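Asks: Based on the sequences and whatever the hints tell you, model everything.
Number of protein chains: 4
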Amino acid sequence: MDYMNGPGRHHLFVPGPVNIPEPVIRAMNRNNEDYRAPAIPALTKSLLEDVKKIFKTTTGTPFMIPTTGTGAWESALTNTLSPGDRTISFLIGQFSLLWIDQQKRLGFDVDVIESEWGYGANLEAMASKLAADTAHKIKAICIVHNETATGVTNNLATVRKILDHYNHPALFLVDGVSSICALDFRMDEWGVDVALTGSQKALSLPTGMGIVCASPKALEASKTAKSVRVFFDWNDYLKFYKAGSYWPYTPSIQLLYGLKAALELIFEEGLDNVIARHSRMGKATRLAVEAWGLKNCTQKEEWFSDTVTAVVVPPHINSNQIVKRAWERYNMSLGLGLNKVAGKVFRIGHLGHLNELQLLGCLAGVEMILKDVGYPVKLGSGVAAAAAYLQNSTPMIPSRI
Amino acid sequence: MDYMNGPGRHHLFVPGPVNIPEPVIRAMNRNNEDYRAPAIPALTKSLLEDVKKIFKTTTGTPFMIPTTGTGAWESALTNTLSPGDRTISFLIGQFSLLWIDQQKRLGFDVDVIESEWGYGANLEAMASKLAADTAHKIKAICIVHNETATGVTNNLATVRKILDHYNHPALFLVDGVSSICALDFRMDEWGVDVALTGSQKALSLPTGMGIVCASPKALEASKTAKSVRVFFDWNDYLKFYKAGSYWPYTPSIQLLYGLKAALELIFEEGLDNVIARHSRMGKATRLAVEAWGLKNCTQKEEWFSDTVTAVVVPPHINSNQIVKRAWERYNMSLGLGLNKVAGKVFRIGHLGHLNELQLLGCLAGVEMILKDVGYPVKLGSGVAAAAAYLQNSTPMIPSRI
Amino acid sequence: MDYMNGPGRHHLFVPGPVNIPEPVIRAMNRNNEDYRAPAIPALTKSLLEDVKKIFKTTTGTPFMIPTTGTGAWESALTNTLSPGDRTISFLIGQFSLLWIDQQKRLGFDVDVIESEWGYGANLEAMASKLAADTAHKIKAICIVHNETATGVTNNLATVRKILDHYNHPALFLVDGVSSICALDFRMDEWGVDVALTGSQKALSLPTGMGIVCASPKALEASKTAKSVRVFFDWNDYLKFYKAGSYWPYTPSIQLLYGLKAALELIFEEGLDNVIARHSRMGKATRLAVEAWGLKNCTQKEEWFSDTVTAVVVPPHINSNQIVKRAWERYNMSLGLGLNKVAGKVFRIGHLGHLNELQLLGCLAGVEMILKDVGYPVKLGSGVAAAAAYLQNSTPMIPSRI
Amino acid sequence: MDYMNGPGRHHLFVPGPVNIPEPVIRAMNRNNEDYRAPAIPALTKSLLEDVKKIFKTTTGTPFMIPTTGTGAWESALTNTLSPGDRTISFLIGQFSLLWIDQQKRLGFDVDVIESEWGYGANLEAMASKLAADTAHKIKAICIVHNETATGVTNNLATVRKILDHYNHPALFLVDGVSSICALDFRMDEWGVDVALTGSQKALSLPTGMGIVCASPKALEASKTAKSVRVFFDWNDYLKFYKAGSYWPYTPSIQLLYGLKAALELIFEEGLDNVIARHSRMGKATRLAVEAWGLKNCTQKEEWFSDTVTAVVVPPHINSNQIVKRAWERYNMSLGLGLNKVAGKVFRIGHLGHLNELQLLGCLAGVEMILKDVGYPVKLGSGVAAAAAYLQNSTPMIPSRI
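Chains as they are written, first to last, in the numbering used here: chain A, 13 to 413; chain B, 13 to 413; chain C, 13 to 413; chain D, 13 to 413.
Careful: at least some of the hints might be erroneous.
Pairs count within a copy or across copies, as identical chains cannot be separated in the list.
Here are the simulated BS3-like pairs of lysine-lysine, each with C-alpha atoms no more than 25 Å apart in a straight line [unchecked claim]:
1) K336 x K57
2) K235 x K116
3) K352 x K251
4) K116 x K238
5) K295 x K390
6) K352 x K254
7) K295 x K383
8) K352 x K336
9) K356 x K254
10) K251 x K116
11) K116 x K254
12) K254 x K336
13) K352 x K116
14) K336 x K251
15) K65 x K229
16) K272 x K65
17) K356 x K251
Worth flagging that the hints you see were computed from the coordinates, not collected in a lab. None of these values were measured; they are calculated from a predicted model.
Replies: And the structure:
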């Protein structure tokens, strides 16, 4: 029997991969094509232009690499840094942990600034380190914009301000995997040097494309960076960009057409409207959590994430049980707690192609599950709190006015 | 701009066409085929066997006609009756009205038994007429199992009991368009002579296949029925059934493969479980309506429909406004009130490929819409009432235990 | 095992259903929608305008009926004629035979003009009958534009000339199932009163939509036509056209979007270019047949069909064997000989979404099959003859210049 | 205008990406799923078992990495070798050149054995080097099984024999990108230590999955290999294999379901039958080339490739013109000549989901194109030569007997 068979639609509320819009599924429903024939270079050229918009950059150079977020990280690091280079990195959850692990394995001298899980990056500590680093040994600040494990969003504008304050030349590398196209992100304005995301997150595509965008300064750094790299080497791309054939190796034809459709939907809705929608989803979810009498894993409002909410369960409940029940009884996927917060939190992903009624269905489901596992929730309470907010804030659908 | 573009999935809650399961969409995603090559007859043969199960018949003969429910009606009538034949028909809503209109236009002598909209078929009146009809002038009882306009389900077992009581030979013709595969329906046990449904209803396929199932008595009647018919003539099908090529004209290849996938899902879930699921959906919806302080258009519990609920709005509200708002603001389609109840009711279709969280998302949406249009609903109230019931009654998903 | 599984693509060369273009398959890959919400009426409105172009009419009124070609026939006849009305109909092959059979069963007084299979409609005989019919008893000329069974195309311009010559008011009804969108057809110029086609033919869609186009004179006739009809009644459509909701019953959402995509492709290529392409396909096929030393079932060049070629096999060969072998060994579907020419001809359908190399692959396959069944063909001979012509006549692809 | 719009199907005859079977396109037509929910690990587990069969290994460990062939190369090298390690590598065409380039950039000491393009790997030279290497400085033999640029297939069995003859412990690393699942390949029997392929080649999937299979000896080597790697590190996979969750980062849900469907088709046809089919395709293509009076780029029969044929054009013709014309006029994609043979050869890819009539259509097209560009080919000659062979050798389709 096929696990995915069941009555009705599956409710996908993990923080990635996320729901794919029907027009994107349609656009990808196609045979392969010769990527050296004129169609694919022409498509690629226009995508490289359009994709810059989701990074809010005009000066950046994007690379659409057939890989995942982990590969995108590796691309960002190996193209800009040399083994032994010092980086500052913030350990605040599972994904920042994994990135730090990668940085170490790639041979960098990682200066880890750790926070309790649920807290944001300690930018004061970073400021101190930068202040002390008059010799400019620190080559890069590596920061996860949105830590998917704890639902914590870091303040990137402040990172830039601190760098500027100390006039520090370190590169500013941002993991935007669960933020770009969902949270406010401004590559040029914030002077981000490398930003990256994965296709399966807010872009609402299948997994398989890591999009990395490099500032002129990052491109310059790539000329001298000594990290060994071939598959992830930007220079191979740049050679093919110049030649107009764009691809050093075979891209996924389907993902290119899918990206085209995804961007069309995003631009039709308006990127700022997309971000506002994520803000509504995040707020509504948090109101529900509060109404249930549960705690957000995120410890301060300034770090609340609009793409994922990690909900802390009472000590006598195992959060895995909640995720299991969602799957087995209500045809819903919720995110598990990872590593330090395993069993202690479950996560509601609310990013990508999603709307109000989908979220309210999810929240209604979580209420039933909470009751299933013995937590004395008042059914309807979270939905009511979320709906009271959404009923006031949901705009008309642009295509239907 | 494409109307259907908008954030997140569209919420389809009209009583047909309904949501198509992803495996069915997949199964239909194909090129055409030669319907005279061996693949299609083999597929058709197995479908004709399997489709009998959803009618709960072993003796019936099904016809899968490339048409809609209206065409299926015409097929049922013209193959069994002759112009001038007397039929009894129940006028209880828009769809029974349309069927009666068709019967008249086809030249039958229709004895209409009318009820207020919201009431079920007046079976006492039928009993009287049958009792009086000692000459057996009445050739057929035509009854809509589930009146989609008002959400009224008629009691077919009682119709059979009355026919038997008077030992009346009239044919028993049933419109099961919004009931079969969703409500309890037993062709053989209830001695139904012709039953019919449309692919876009509880089977959860696209529109385009009217499925008509004929009892041996109906097939016998077709030999002498004098109504003019060609496209809808069962005899053309029967000739091709006998020859093993099955199709007097070209079927939709895609719908055949889609039907196969749809039936596999239904049988995997279990037809009785599917019916039980619809019962949960109906009950949950009615509990929400009650919690909102609104009235069900259906006047007695015995007629409550588990596939569609027509909700009466207060006099100062135009129900069309609710449907409009659902579409424009919440990406949801609700059913309009039709004819006599236009502007007075809106309808929630809860049939086909659907589950608990989808319905709760819909109910949460209806609450916000009610508030939008000025009805003083307590947000969360309907969801809470429905969830309290569903949290107790929702079974585990068979494929995941 | 699934019959359609096999190495490589299936080669579909029956005269319908035909290959669906990938963009059309994509367009149809979607969930159902509420056909009463604004999207479907807006789409329908634009389709009704666009579909007129394939009939080359500005004054006609199209009906897109959820049915097959057989149903479209019935719609054409019952809306314009009354039982007992005299029609002239030409028996020249299986499909004209079936239409005549339908006319008889619907109660018309059919004056059949028969030709040998392989010959076109005997228009001289028609002229005589019209000349004699000073009382105007003949109410309609019913003619199949392209007889799919024998590959015979009738000359509709001449029919009109004869009607005009005798100043005869008979309606001019045309079955364009295997011609419209592939052969030169001019509804307005030729004064056709009803023309019809099916979605699965040159439009290259799945089966399920019968498109019937009525001239003002035909619409006028429909007001007094006494044939019984409900499902096929144009008046129901006209009422809904007027109301702006367009559909008296549920259309196939998927076919509507598919038709939009199909028409876009046709208009992008240019309807006249599409017709020219069919002409090339027909010519190339006939050159191959000639090179093989086989006869075309069509007896005179003036009737040669550009959508289907019926190839006569030598007496000692059973053409069914050729079709069987194509299916079992070469993953190709060819058309069987039907009725009078069963076993004597096989048919190559070359209509719809098709290009030169597909056809040449088919012809190469037919050569191998002919050899398989013992016909002493010179391999490559037909391909060479066809290619010599195509290499001179194939234009550049518009989207790639 | 969309480049891919044009009459009829596109004819894809590049040596990758190749045509995707319709059942595989269907299987991939789906929404995302949570890869941590039970469905994906269960699917992955069964795929890891099944995928071993296409490598003909029972002892190997496969890794299905979200990357391309280039990434798969990098995975093979970095997991088994350390910087400075000596490799023997054969330069015989563009893809072996690129792999050698990668080996150098990754820091290995590459001993390049060069042949003229069109010749196979010089195994005698390898034998000499191995004989001289009594100190076992050579850590790996890196060989491209099938050089896609020139259509040259190397003899892997001989490589193994030579290694065994000298009792040399070097690892045996094979690029099987354009061979595995198409040519005879036997990982266990030939003692291959790492073999790899890409999803878009003979597996007939979209690009995006590099499949790397490691022998126990290769896995052992990975424990001490010092090449820097994170994204491509097998150890991360092995940890997740052990844990039963299988994925160190997010896989493409669609490619997993696609791979399942692709393998089902391959096993249904029978892997050896698939290989035999490729042999037929290769032979037929070469017979056509010979009939046209053109030369195969491959210089000796022992190296003839059954997945791609590089055809040498006469000096006065630019092969790019042939590829351009195929695209612009005949809706076909052929492979360009690369690097040293740019302008001198064009390539016909005949791998993956393909059958006889598709190939014959392609060959007929090439004939017309040759004529278009001024080469005096006899139309039909190549098709005749190929068909004469295919008509004798094509088996019945298993699913249709």
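Asks: Hint by hint, note whether the structure agrees.
Replies: Against the structure, the hints:
1. K336 x K57: between (44 Å within a copy, 20 Å between copies)
2. K235 x K116: Classified as both: same-chain Cα gap 22 Å, cross-chain 18 Å, threshold 25 Å.
3. K352 x K251: between (44 Å within a copy, 18 Å between copies)
4. K116 x K238: both (15 Å within a copy, 14 Å between copies)
5. K295 x K390: The answer is both: 20 Å in one copy and 20 Å across copies each meet 25 Å.
6. K352 x K254: Between copies only: 20 Å across chains, 47 Å inside a chain, cut-off 25 Å.
7. K295 x K383: Classified as both; 23 Å inside a copy, 20 Å across copies.
8. K352 x K336: within (19 Å within a copy, 48 Å between copies)
9. K356 x K254: between (51 Å within a copy, 24 Å between copies)
10. K251 x K116: between (30 Å within a copy, 18 Å between copies)
11. K116 x K254: between (33 Å within a copy, 24 Å between copies)
12. K254 x K336: between (50 Å within a copy, 21 Å between copies)
13. K352 x K116: within (20 Å within a copy, 41 Å between copies)
14. K336 x K251: between (49 Å within a copy, 23 Å between copies)
15. K65 x K229: Answer is within: at 19 Å inside a copy they meet the 25 Å cutoff, but 48 Å across does not.
16. K272 x K65: Answer is within; shortest intra-copy Cα gap is 13 Å, inter-copy 31 Å.
17. K356 x K251: between (49 Å within a copy, 23 Å between copies)
Hint violations for this structure: none, all hints satisfied.
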